[in-house]
Every structure is written in structure tokens, then in C-alpha cells.
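Chains as they are written, first to last, in the working numbering: chain Y, -8 to 103; chain R, 38 to 153.
Worth flagging that the hints you see were computed from the coordinates, not collected in a lab. Every residue, glycine too, gets a C-beta built ideally from N, C-alpha and C. Hints may be right or wrong, so weigh each one.
Unchecked claim - From the derived model, a few chain R residues whose C-beta atoms are all more than 10 Å from chain Y: (1) 49; (2) 55; (3) 59; (4) 61; (5) 81; (6) 90; (7) 91; (8) 100; (9) 102; (10) 107; (11) 141; (12) 145.
Unchecked claim - Using C-beta positions, here's what the derived DEER-type ranges look like: (13) R:76 / Y:2: 19 to 25 Å; (14) R:66 / Y:49: 27 to 33 Å; (15) R:49 / Y:47: 41 to 47 Å; (16) Y:0 / R:57: 35 to 41 Å; (17) R:59 / Y:43: 37 to 43 Å; (18) R:88 / Y:58: 29 to 35 Å; (19) R:119 / Y:31: 24 to 30 Å.
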Amino acid sequence: QQPVQSPQAVILREGEDAVINCSSSKALYSVHWYRQKHGEAPVFLMILLKGGEQKGHEKISASFNEKKQQSSLYLTASQLSYSGTYFCGTVNRGSTLGRLYFGRGTQLTVWP
Amino acid sequence: GAVVSQHPSRVICKSGTSVKIECRSLDFQATTMFWYRQFPKQSLMLMATSNEGSKATYEQGVEKDKFLINHASLTLSTLTVTSAHPEDSSFYICSASFWTAGETQYFGPGTRLLVL
Chain Y
-8 QQPVQSPQAV ILREGEDAVI NCSSSKALYS VHWYRQKHGE APVFLMILLK
42 GGEQKGHEKI SASFNEKKQQ SSLYLTASQL SYSGTYFCGT VNRGSTLGRL
92 YFGRGTQLTV WP
Chain R
38 GAVVSQHPSR VICKSGTSVK IECRSLDFQA TTMFWYRQFP KQSLMLMATS
88 NEGSKATYEQ GVEKDKFLIN HASLTLSTLT VTSAHPEDSS FYICSASFWT
138 AGETQYFGPG TRLLVL
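Just chain Y, same shape as in the assembly (with noise of 0.2 Å):
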């Protein structure tokens, strides 16, 4: 039931693109995407509630591909802020309404 994330870890220099996908054997009613800092609680960054949808958060967007039951998360032009682990959550479809299950995450490092 938990999705599968890729890549682990990444590392970044300020600047520069990242690409973070998340993959699941299930049906998609939804994806999450969130961000932790070391210590702290996951903030929300968008959900996606239909195939093909796109989102956009400043210079943080994702898009949902319903069919292929994945979801990518896109971070241009990083900034030291962007540092931290994000984490896809998706809601099956038929599920339980709300029941979320998280990937194991990616690191993400921005240097200066």
C-alpha cells in the first residue's frame, strides 16, 4: 500500500532542478506532497485530486498521472530553503476517505 519514492536522496548545488517521483501499486483517488525539516512536523506543499493535474507553489509544482498511478514533484532553481525530506502521501481509491500512506521519503540537500 505505501508508495514508492525515488530517488532516496538528492543533492543540490542553489539553482538547480530536481525531480522527485512517486509510484504506487494501487489505484490513486489523490497524492500529497509535503516537506519536513529535521525535528519538525511535515508541511502540507499541494494535493492533486485529478489525472493530469498540475499544481504549481512558487517555484515547487507537481503533476499527477492517473493512469500510470504516479506523481512527480518539480523543485526549479532550488533555494537553501528547499532543503529537507519530502514525502508523498496517496489516498487509494475505494479506500477509507482521508486514510494516507507516506513513502519513505527523499532528502533533499541544497548548497550554496
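Using the hints, position chain R against chain Y.
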């Protein structure tokens, strides 16, 4: 908007004692509240889901008698770790959602529990 608080933020207790953690939605009424546990460098593992006024739904492998959840109102849920042991030391995070948020879960700041 959609602010969730947790109290306490950190707690250290002796083995065998019970610890209560509060989770409050400050500016909205939460349809559902969730309790997660996170070990260092690992993902968030859902422990239980609770709706106001009804019994919590526990995930497989989570002991109901050890992790007591009470959801007394639409803005407050509590998790009590009974007879805590060192292996219960972890980061406990609650989240809350409401219908108009489209299932988005808003997380509290977490409670770091250390059992000696």
C-alpha cells in the same frame, strides 16, 4: 488558517508511567484526526484514525490498550501512551482534516517522547 497544535512538544518520562498528548485544531473543526509515529529517518506510520464521538480505528499491529485515543470534540483529540517503555520513544505527530479541505491533512508540530 488550518493550524493544528500539539502539547507537550517534548516529554521525558520514566518507564512504566503514562503520557498524554493533546492535539487541537485551532481555527477549524476537524472532521477527522490522525495519529502518526515517526522513528528517526523513517516515514510517518499511521497509528490510528479518530472521528469525534466514535471509537478510533487502529492500524494493524497498534495496541489499542497501550495507545488510548480519545476524541472528545471536533477540535481536540488525545493520545495516551500507557505504561510507556523505552521502545515507545518516538516522534508522535497528529494531523487533522476537514471536508472542505479536500482531505488535506494539516499536521501538528509533533511531540518528542523519550522514555527512560
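Comparing the hints with the structure gives:
no.	hint	verdict
1	49	16 Å, holds
2	55	23 Å, holds
3	59	15 Å, holds
4	61	14 Å, holds
5	81	5 Å, violated
6	90	17 Å, holds
7	91	13 Å, holds
8	100	19 Å, holds
9	102	22 Å, holds
10	107	19 Å, holds
11	141	5 Å, violated
12	145	6 Å, violated
13	R:76 / Y:2: 19 to 25 Å	24 Å, holds
14	R:66 / Y:49: 27 to 33 Å	30 Å, holds
15	R:49 / Y:47: 41 to 47 Å	43 Å, holds
16	Y:0 / R:57: 35 to 41 Å	36 Å, holds
17	R:59 / Y:43: 37 to 43 Å	41 Å, holds
18	R:88 / Y:58: 29 to 35 Å	33 Å, holds
19	R:119 / Y:31: 24 to 30 Å	27 Å, holds
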